[in-house]
Amino acid sequence: MTQNGKRRTLFEKVWNAHIVREQSDDAPAVLYVDLHLVHEVTSPQAFSMIRERGLKVRRPDQTIGTMDHSTPTTPRNELGIIPVADAMAAKQLDTFTKNCADFGIPMYALGDEHQGIVHVIGPEKGLTQPGMTIVCGDSHTSTHGAFGALAFGIGTSEVGHVLATQTLLQNRPRTMAVNVEGRLGEGVTAKDIILAVIARIGIGGGTGHVFEYRGEAIRSLSMEGRMTVCNMSIEGGARAGMVAPDETTFEYIQGREHAPQGADWEAAVASWRELPTDDGAEFDQEITLRADELIPMITYGTNPGMGMPINAAVPAPEDERDVNKRIALEKALSYMDLRPGQHLLGQAIDVVFIGSCTNSRITDLRQAAQFMQGRKVADSVRMMVVPGSQQVKKQAESEGLHEIFRAAGAEWREAGCSMCIAMNGDQLEPGQYAVSTSNRNFEGRQGKGGRTFLASPLTAAASAVAGSVTDPRAMLASSL
Amino acid sequence: MDKLRHIEGSIVAIPVNDIDTDQIIPARFLKVTDKEGLGKAAFCDWRYLEDGETPNPEFILNQPEYRGASVLIAGNNFGCGSSREHAPWALLGAGFKAVISTDFADIFRNNSLKNGLLPIIVDEETQRQLFSLAEEDPSASVSVDVETQTLTLPDGRALGFPLDGFAKYCLLNGVDQLGYLLALDDEVLAFESANPPRVATTA
Numbered sequence: 001m002t003q004n005g006k007r008r009t010l011f012e013k014v015w016n017a018h019i020v021r022e023q024s025d026d027a028p029a030v031l032y033v034d035l036h037l038v039h040e041v042t043s044p045q046a047f048s049m050i051r052e053r054g055l056k057v058r059r060p061d062q063t064i065g066t067m068d069h070s071t072p073t074t075p076r077n078e079l080g081i082i083p084v085a086d087a088m089a090a091k092q093l094d095t096f097t098k099n100c101a102d103f104g105i106p107m108y109a110l111g112d113e114h115q116g117i118v119h120v121i122g123p124e125k126g127l128t129q130p131g132m133t134i135v136c137g138d139s140h141t142s143t144h145g146a147f148g149a150l151a152f153g154i155g156t157s158e159v160g161h162v163l164a165t166q167t168l169l170q171n172r173p174r175t176m177a178v179n180v181e182g183r184l185g186e187g188v189t190a191k192d193i194i195l196a197v198i199a200r201i202g203i204g205g206g207t208g209h210v211f212e213y214r215g216e217a218i219r220s221l222s223m224e225g226r227m228t229v230c231n232m233s234i235e236g237g238a239r240a241g242m243v244a245p246d247e248t249t250f251e252y253i254q255g256r257e258h259a260p261q262g263a264d265w266e267a268a269v270a271s272w273r274e275l276p277t278d279d280g281a282e283f284d285q286e287i288t289l290r291a292d293e294l295i296p297m298i299t300y301g302t303n304p305g306m307g308m309p310i311n312a313a314v315p316a317p318e319d320e321r322d323v324n325k326r327i328a329l330e331k332a333l334s335y336m337d338l339r340p341g342q343h344l345l346g347q348a349i350d351v352v353f354i355g356s357c358t359n360s361r362i363t364d365l366r367q368a369a370q371f372m373q374g375r376k377v378a379d380s381v382r383m384m385v386v387p388g389s390q391q392v393k394k395q396a397e398s399e400g401l402h403e404i405f406r407a408a409g410a411e412w413r414e415a416g417c418s419m420c421i422a423m424n425g426d427q428l429e430p431g432q433y434a435v436s437t438s439n440r441n442f443e444g445r446q447g448k449g450g451r452t453f454l455a456s457p458l459t460a461a462a463s464a465v466a467g468s469v470t471d472p473r474a475m476l477a478s479s480l
Numbered sequence: 481m482d483k484l485r486h487i488e489g490s491i492v493a494i495p496v497n498d499i500d501t502d503q504i505i506p507a508r509f510l511k512v513t514d515k516e517g518l519g520k521a522a523f524c525d526w527r528y529l530e531d532g533e534t535p536n537p538e539f540i541l542n543q544p545e546y547r548g549a550s551v552l553i554a555g556n557n558f559g560c561g562s563s564r565e566h567a568p569w570a571l572l573g574a575g576f577k578a579v580i581s582t583d584f585a586d587i588f589r590n591n592s593l594k595n596g597l598l599p600i601i602v603d604e605e606t607q608r609q610l611f612s613l614a615e616e617d618p619s620a621s622v623s624v625d626v627e628t629q630t631l632t633l634p635d636g637r638a639l640g641f642p643l644d645g646f647a648k649y650c651l652l653n654g655v656d657q658l659g660y661l662l663a664l665d666d667e668v669l670a671f672e673s674a675n676p677p678r679v680a681t682t683a
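Going down the list, the protein sequences come from chains A and B. According to the working numbering, the first sequence is numbered sequentially starting from 1. According to the working numbering, the second sequence is numbered sequentially starting from 481.
I should point out that these hints are in silico values taken from the structure, not numbers from a laboratory. A quick note: this is a predicted structure, and the numbers were derived from the prediction, not measured. Some clues are possibly wrong.
[As the list claims (entries may be wrong)] Some, not all, of what chain B presents toward chain A, calculated at C-beta under 10 Å:
1. Asn497
2. Thr513
3. Trp526
4. Glu530
5. Gly532
6. Gly555
7. Asn557
8. Trp569
9. Ala585
10. Asp586
11. Asn590
12. Gln657
13. Pro677
14. Thr681
[What the hints assert, rightly or not] Here are the simulated distance ranges between beta carbons:
15. A:Arg183 x B:Asp603: 36 to 46 Å
16. B:Arg485 x A:Asn77: 52 to 62 Å
17. B:Ala674 x A:His343: 57 to 67 Å
18. B:Asp603 x A:Asp25: 20 to 30 Å
19. A:Gly255 x B:Arg485: 55 to 65 Å
20. A:Asn77 x B:Asp482: 40 to 50 Å
[Said to hold, decoys possible] Below, in silico cross-link-like pairs of lysine-lysine (DSSO-like), each with a Cα-Cα straight-line distance of 27 Å or less:
21. B:Lys520 x A:Lys448
22. A:Lys91 x B:Lys515
23. A:Lys91 x B:Lys520
24. B:Lys515 x A:Lys448
25. B:Lys483 x B:Lys648
26. B:Lys515 x A:Lys56
Glycine is no exception: its CB is placed at the ideal position from the N, C-alpha and C atoms.
Extracted from the complex, chain A is given alone in its bound form (with noise of 0.2 Å):
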């Protein structure tokens, strides 16, 4: 639908749909948050600032709370709860519970049955939902943009901004539409789609910009695999990422605890119709890739934009033509010990961590459990699989997942953020190597000196049996 006759895009209609106050040329505009997620680690300070200026929370019913990143994963004791052994953490974690209980927040405590990452349990409970804004202190709040909501990371500063008013001070930003046509191959999947999207356009090639996933592949994706897409728009500059809702979404949506009913339902999915981009709407970028063009992809580097197909060979510094970019390749092939020219198939790894709110929800695990069934993990690999909430983990242990993985020999963990921020025990040793599902593979991220290859949880599983760099589809052939 149009306005006054001018074409509009999913995101345009949701950015018009929440303005408070429009933006002038004195100030940014103020935009209206629907659904406010806050989580342990930055929150206290926010807390403490609406604390000092004697203010509420706004909308505690607007607002939900979980606790994924400092949280460790190890199994529960005897009386069924999961023991903090970190003092600051649990010091962290006993704040948190404080503060939502003072403000009427509800939360979800470690080890209650609707806990686990922020970004898993808003879609889970139905909470995320077309057309809303949502914002977070955590970036990959974008996740949310898999379901044609604007939802975007945001500091504790502005996490207290949130709390007091519901609203914050935005500049407009830009649009990038992203889109990817053609079907994907048998073995490639939705990780594949967004690490090729960040290693073609860099890690902020996207700033300033929202994207709109769009084409035959995205459309194609389950809302599992669209999360996973939107999830990392940040890691390619960009605050969000958004796919436009259609009848996969709204199937996934209907009958969830937070999902309209009834007559409203009838409306809601009424009004979410009108949300994707007119025909003809301009976008201030655009790109294209093609799926059938794509197999698994892996980074080799230490940031998310250093990626290539997983048969490609690491590239040499001195074909680089910018200065700082070589410098950067320098440094990175350095803290990761790989040379020029290597191809990472074959090489050698100690961990692998199936997890994060990229890649730990059921479909993820389904994907990684299929494959495998039957087969072993290699004596040389630790592999962790860490459920993205405790239904998942339900889900999962009804489907029979976790037998699978543990006869495989992985570890079957609780719910949290674990190994991708590594602040809650869950981590390399220096030096390790590990085939990761999560989102970062920054220096350290996932524990002081460790090194990351990011991939999908399908090349993910088959690196693990393997005890080295996979490609998934030589195995998918092999068991089919």
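Starting from the structure of chain A, add chain B where the hints point.
Structure of chain B alone, referenced to chain A:
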């Protein structure tokens, strides 16, 4: 936030592109519940040897002639990665008042401005000159005037830099944005009465 009108300080360069917030402050330091004492964690994994305590003599910030530098010159796309506001808190704690680069990641830039750490954008040529200058002369200093948005280089050349008008107002007057938002209560109420809540988390 204190008023920020003028910065005068010596420069130090880390000529690396895409310095992410995990380098500025590793996640293991995010278990705090306040903003204090984060300065010693700034660039921790580059600044200290394996034991995490002994200063790495190779790292530029540990070289005595650069001690006290308050303006950091960095490679492109500084502050990419996570939304942690601990990054500007750590840089301020380590004595920095401004960072100069060709561009900044969006969230880092927003977070910095809210804490009085000034992100200054220059062109690549100026960035290169500053890299060389900082390396050749550790006593080289720059001055920054926020009001006129002017960066004065060691050779006396004055350059303009972009700065969002609202952020500038807040820096100059030492006010934060929350006061502005709180004053819009009537407009927020009007918005809320026209747009019922989409979800109720407490239901």
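Hints, one by one, checked against the model:
1. Hint on Asn497 of chain B holds. Least Cβ distance to chain A is approximately 4 Å, under the 10 Å limit.
2. Hint status for Thr513 of chain B relative to chain A: holds, with the closest Cβ pair at about 4 Å, below 10 Å.
3. Interface restraint check: Trp526 of chain B against chain A, minimum CB-CB distance 8 Å, threshold 10 Å, status holds.
4. Contact between Glu530 of chain B and chain A, as hinted, is supported at the beta carbon level, the nearest pair being about 7 Å apart and thus within 10 Å.
5. Taken as an interface hint, Gly532 of chain B checks out: its beta carbon lies about 8 Å from the nearest beta carbon of chain A, inside 10 Å.
6. A least Cβ separation of about 6 Å between Gly555 of chain B and chain A falls short of the 10 Å threshold, and the interface hint therefore holds.
7. Hint on Asn557 of chain B holds. Least Cβ distance to chain A is approximately 4 Å, under the 10 Å limit.
8. Using the Cβ-Cβ criterion of 10 Å, the hint placing Trp569 of chain B at the interface with chain A is satisfied: the shortest such distance is roughly 9 Å.
9. Given hint, Ala585 of chain B at the interface with chain A, holds; its Cβ is 6 Å from that chain's nearest Cβ, closer than 10 Å.
10. Because the beta carbon of Asp586 of chain B sits about 5 Å from the nearest beta carbon in chain A, less than 10 Å, this interface hint is met.
11. Annotation: Asn590 of chain B was flagged as interfacial toward chain A, and the flag holds, the nearest CB pair being 6 Å apart, inside 10 Å.
12. At a threshold of 10 Å, the smallest CB-CB gap from Gln657 of chain B to chain A is about 5 Å, leaving the interface hint in force.
13. The beta carbon of Pro677 of chain B comes within 6 Å of a beta carbon in chain A, closer than 10 Å, and the hint placing it at the interface holds.
14. Checking Thr681 of chain B against chain A: minimum C-beta separation of about 4 Å stays under 10 Å; hint holds.
15. For Arg183 of chain A and Asp603 of chain B, the hinted distance range of 36 to 46 Å is satisfied, since their beta carbons lie about 43 Å from each other.
16. Hint check: Arg485 of chain B to Asn77 of chain A, Cβ distance near 56 Å, so the stated range 52 to 62 Å holds.
17. With their beta carbons about 59 Å apart, Ala674 of chain B and His343 of chain A fall inside the hinted range of 57 to 67 Å.
18. Taken as a hint, the range 20 to 30 Å holds for the pair Asp603 of chain B and Asp25 of chain A, whose Cβ atoms sit roughly 25 Å apart.
19. One distance hint, 55 to 65 Å for the beta-carbon pair Gly255 of chain A and Arg485 of chain B, holds here, with the actual separation near 57 Å.
20. Distance hint check: the CB atoms of Asn77 of chain A and Asp482 of chain B are about 48 Å apart, consistent with the given range 40 to 50 Å.
21. The suggested pairing of Lys520 of chain B with Lys448 of chain A holds, with an alpha-carbon distance near 17 Å, which does not exceed 27 Å.
22. About 15 Å separates the Cα atoms of Lys91 of chain A and Lys515 of chain B, which keeps this hinted pair within 27 Å; it holds.
23. Our distance criterion of 27 Å between C-alpha atoms is met by Lys91 of chain A and Lys520 of chain B, whose separation comes to about 21 Å.
24. Between Lys515 of chain B and Lys448 of chain A the alpha-carbon distance is near 23 Å, which keeps this suggested pair within the 27 Å criterion.
25. Under the criterion of a C-alpha separation no larger than 27 Å, the hint pairing Lys483 of chain B with Lys648 of chain B is consistent with the structure, at around 10 Å.
26. Distance hint between Lys515 of chain B and Lys56 of chain A is fulfilled; the C-alpha atoms sit about 21 Å from each other, no more than 27 Å.
The structure is consistent with each of the numbered hints, conforming to all of them.
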